[in-house]
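Residue numbers (the working numbering), protein chains in the order written: chain A, 1 to 256; chain B, 1001 to 1270; chain C, 2001 to 2352.
If you're looking for bench data, these hints aren't it; they were derived computationally from the structure. Quick caveat: nothing in here was measured; it's all calculated off a predicted structure. Think of the CB as a built atom: it goes at the ideal place given N, C-alpha and C, for glycine as much as any other residue. Hints are supplied without guarantee of correctness; some may be wrong.
Stated by the list, open to error - Quick list of in silico lysine-lysine cross-link-like pairs, DSSO-like style, CA-CA up to 30 Å:
(1) 2110(C) with 1115(B)
(2) 2200(C) with 51(A)
(3) 1052(B) with 2200(C)
(4) 2026(C) with 226(A)
(5) 226(A) with 2051(C)
(6) 1162(B) with 7(A)
(7) 33(A) with 1115(B)
Claimed, not checked - Non-contacting residues of chain A with respect to chain B, defined by C-beta distances greater than 12 Å in every case (computed):
(8) 19
(9) 42
(10) 53
(11) 56
(12) 57
(13) 71
(14) 80
(15) 118
(16) 137
(17) 140
(18) 203
(19) 237
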Amino acid sequence: MRNAAKKIYITLIFIFLYAPIVTLIVLSFNASKSRAKWGGFTLKWYQNLFKNQDILNALWNTLLIAFLSAFIATVIGTIACIAIQSMKKRNRTILIGITNIPMLNAEIVTGISLMLLFIVLGMNFGFLTILLAHITFNIPYVILSIMPRMKQLNPSTYEAALDLGASHMKAFFSVTFPDILPGILSGFLMAFTMSLDDFIITHFTKGPGIDTLSTKIYTEVKKGIKPEMYALSTLIFLTVLVLLILVNRSPKEKDV
Amino acid sequence: MNKKMLSLPYLFWCAAFILIPLFMVVYYGITDKTGAFTLENICAIATAEHSKALWISILLSLISTLICLLLAYPLAMILAHMNVNQHSFVVLIFILPMWMNFLLRTMAWQTLLEKSGVINSVLEFLHLPALNIINTPSAIILGMVYNFLPFMVLPIYNSLTKIDPNVINAAKDLGANGFDTFIRVTLPLSVPGIISGITMVFVPALTTFVISTLLGGSKILLIGNVIEQEFTQTGNWHLGSGLSIVLMIFILFNMILSAIFDKDGEGNTL
Amino acid sequence: MKKLIALLLTCVLSASVLTGCGNADKYPNGKVYVYNWGEYIDPETIEMFEKETGIQVVYDEFDTNETMYPKVEAGTSRYDVVCPSDYMIQKMVDNDLLAELNWDNLPNAKANIGEQYYEQSLAFDPGNKYSVPYCWGTVGILYNTKMVDGPVDSWSILWDEKYADSILMQDSVRDLFMVALASLGYSLNSTDEAELQEAKELLIAQKPLVQAYVIDQVRDKMIGNEAALGVIYSGEAIYTQRENPDLAYVIPKEGTNVWIDSWVIPKNCQNKENAEKFIDFMCRDDIALMNFDFITYSTPNTAARELIEDEDIKNSDIAFPDLSLYKLETYSYLGEEADTLYNELWKEIKSN
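The shape of chain A in the complex, shown without the other chains (with noise of 0.2 Å):
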């Protein structure tokens, strides 16, 4: 009886979640043009969407975005954990606390700061200028996620390693770097699925001629969202979830 308590709420929830990307699956596949008519069922959008270099080029620019900014983002805040870590702990608290800024601030703010700061630069806005925002915004989920394994290390065994003659870098990889790994993967994971979803401090920083998904779907919004992004997203979507699903049957894997 209270197992299928659980079951159902369990399943109420997961219809709350999944019934929008339903509805966008059921979108992708639906020949009129309008969203609020059924026209039939089609394939038409997904060849159109190979078409469509507007959705293709913010697609591209979307993943080279999240990637370079999750990688940037995951080695700053590698080399950033080291160094809190070998903090007092006065300033480490203080540098933290800086640290959490981009991630508790509200997006907006942090959006219109760093588009302030890039007109006083004078820079020209465009793909620099996203990237260099996704970075802040990604560091801090990296170093959340690297300072617990961070705080388990054993310092003595880094210490080993010098004393057999190791360099220090040679000691942080071939002692702490496998330790933390998981942590830098996750934290690179994090950085890439919250770039790949930001709109807002995009909105903000974008120049012209340079969309990601986001930003080209909110501009889309206003006139009625083209069919090809119902059917790019069920596309993503199916994408990810099969690598899910192979990630979960192979053999388990102790880092995660």
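With the hints as your guide, set chains B and C onto chain A.
Quick look at chains B and C alone, frame taken from chain A:
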């Protein structure tokens, strides 16, 4: 390689992309068009339309946070008691929707909720009264809960899985019933997760302008909408910045709250 | 987790192959940055332009004049060609944001655009120094004949409680106030605070009846039978009727706004020569015709109008109304002070 040197690039990054930009918002917020010092932009929050927008934002985000908490806690408990091996799967199921663009998902709710939308067609088929919440505050709350629920579930789930089962067993051995165990052991131990969940939901809900535009039909003006409008339409950046400062005060309060419960400074996000 | 990331990377890489990048050789003559209204051009004409001139078009869209202006003013986005409306052009001229056109580079614009449209432009662009008309039209009511009883001829129907929750209003400040000012019988360019307050009160009274304040979504919602009445630009009338034959467009008897959207070149543009090439290309009769067929907004290009094959549309009262039959007024720029007043009142309506 000195470890102190390692912190330099990051310190530089923090200064350049976190502190200086915030300083600029403050600078714009306390000056007027001529560059003279003024508090007018901050005091503008007291005008009828701004304070009303702020009040509605606070109200809607509080309600959404509460609903998120009430929905998420039982869910997190159920998930935490499931097979431990599925940890990553559980987490990813909640992150998965994020791979479908957030604007599209919110738009999809519009399709679902519209007067002649999917939900109403189903209700009509079942001879039930129609659901007319599109373009009302209820629709905005629904959008907020939908978008931010994962941010509540994950930290609570994390803090629950961290609880040592022996503690629970000990409580039961000592004669506590299920309810007592929950109130006296599980709940207090999951407080850090709850607090971090609340912060993760409240701030984005308080400051959103997209959800209110898409699901509120622009009929409800949230403080986020006002700020966005000042920057992208009215072009009064000083006023926009001044109102942002007011928002930041709320966020600061939130940060302090989470810092009190999160003394190690490690967060409980994921 | 490692595997997931590896797989992710594979996807990113394969996507990059799919989208393919690298087209520097295709465009030897540089770029032109165009900033236009959403869905306001036939994409095919852009491709033709690129092919014929070897200039790459970097295309961006805005949804209201008000969102366009700060971007051009701040200079964060340096566009070569922008397409604002009348009053916004005046504001840009006043604030010295526009570059003067070199008419020697615009032979098609001189030959094909009707003389009356240049005359109309004089109101906001004295001497025709800065702008080339691209589209024009009116603002009116689009209504669903199945949901609304009897003929619609007045703005007052938007205050009829029978249609509560079935009314769509414009989410841009001038177009919203215009409806109230017109129904009160005031000038659409009123700067009189008492008149504007009155208009504000009227709009606040209307708010409970309004389903949503939207911009271009009026079109989709009306097609989908989501609402009975919507305030919309005349250019959408032909398109929406094609999609949903129950819809009809009307210019209310109290009068309305007549507008012109024109090509202009901002002062901070990067390539004025390419900008003029682009503008002139868009004025070619066959190109203007393609654009008219695609976006269905009235074209000031008289040469293109002659080429329209469908006689019904060529002489359509909606696409090319006889302006003398209606009470019409063009918006003009009202100055910074009035702008602020409008914005404040607008916020009061929305927050109410």
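Outcome of the hint check:
Annotation: proposed proximity of residue 2110(C) to residue 1115(B) is violated, straight-line Cα distance about 49 Å (limit 30 Å). A C-alpha spacing of about 47 Å is found between residue 2200(C) and residue 51(A), which places the hinted pair above 30 Å, so the restraint is violated. Among the hinted pairs, residue 1052(B) with residue 2200(C) is consistent with the structure: their alpha-carbon atoms are about 17 Å apart, no more than 30 Å. Between residue 2026(C) and residue 226(A) the CA atoms are separated by roughly 28 Å; this keeps the pair inside 30 Å, and the hint holds.
For the hint linking residue 226(A) to residue 2051(C), the alpha-carbon distance of about 25 Å falls within 30 Å, and the restraint holds. Distance hint between residue 1162(B) and residue 7(A) is fulfilled; the C-alpha atoms sit about 23 Å from each other, no more than 30 Å. The suggested pairing of residue 33(A) with residue 1115(B) holds, with an alpha-carbon distance near 19 Å, which does not exceed 30 Å. For residue 19(A), the requirement that its beta carbon stay farther than 12 Å from each beta carbon of chain B is not met, with the minimum near 7 Å.
Every beta carbon of chain B lies more than 12 Å from that of residue 42(A), the smallest distance being close to 18 Å; the non-interface claim holds. Non-interface call for residue 53(A) relative to chain B: holds, since the shortest CB-CB distance, roughly 19 Å, exceeds 12 Å. Against chain B, the non-interface label of residue 56(A) holds: every CB pair exceeds 12 Å, the least being about 15 Å. Taking the minimum C-beta to C-beta distance to chain B, about 16 Å, the non-interface status of residue 57(A) holds against the 12 Å cut.
At roughly 15 Å, the least C-beta separation between residue 71(A) and chain B is larger than 12 Å, which holds for a residue marked as non-interface. A beta-carbon of chain B is positioned within 12 Å of the beta-carbon of residue 80(A); the least distance is around 4 Å. Not every CB of chain B is more than 12 Å from the CB of residue 118(A) (nearest about 9 Å), against its label as outside the interface. Its closest Cβ contact with chain B, about 9 Å, brings residue 137(A) to no more than 12 Å, contrary to its assignment away from the interface.
Under the 12 Å C-beta cut-off, the non-interface status given to residue 140(A) relative to chain B is violated; the minimum distance is some 8 Å. In this structure residue 203(A) is not separated from chain B by more than 12 Å, as the shortest Cβ-Cβ distance comes to only about 8 Å. A beta-carbon of chain B comes within 12 Å of the beta-carbon of residue 237(A); the shortest separation is about 5 Å.
In this structure, the hints that do not hold are numbers 1, 2, 8, 14, 15, 16, 17, 18, 19, in rising order.
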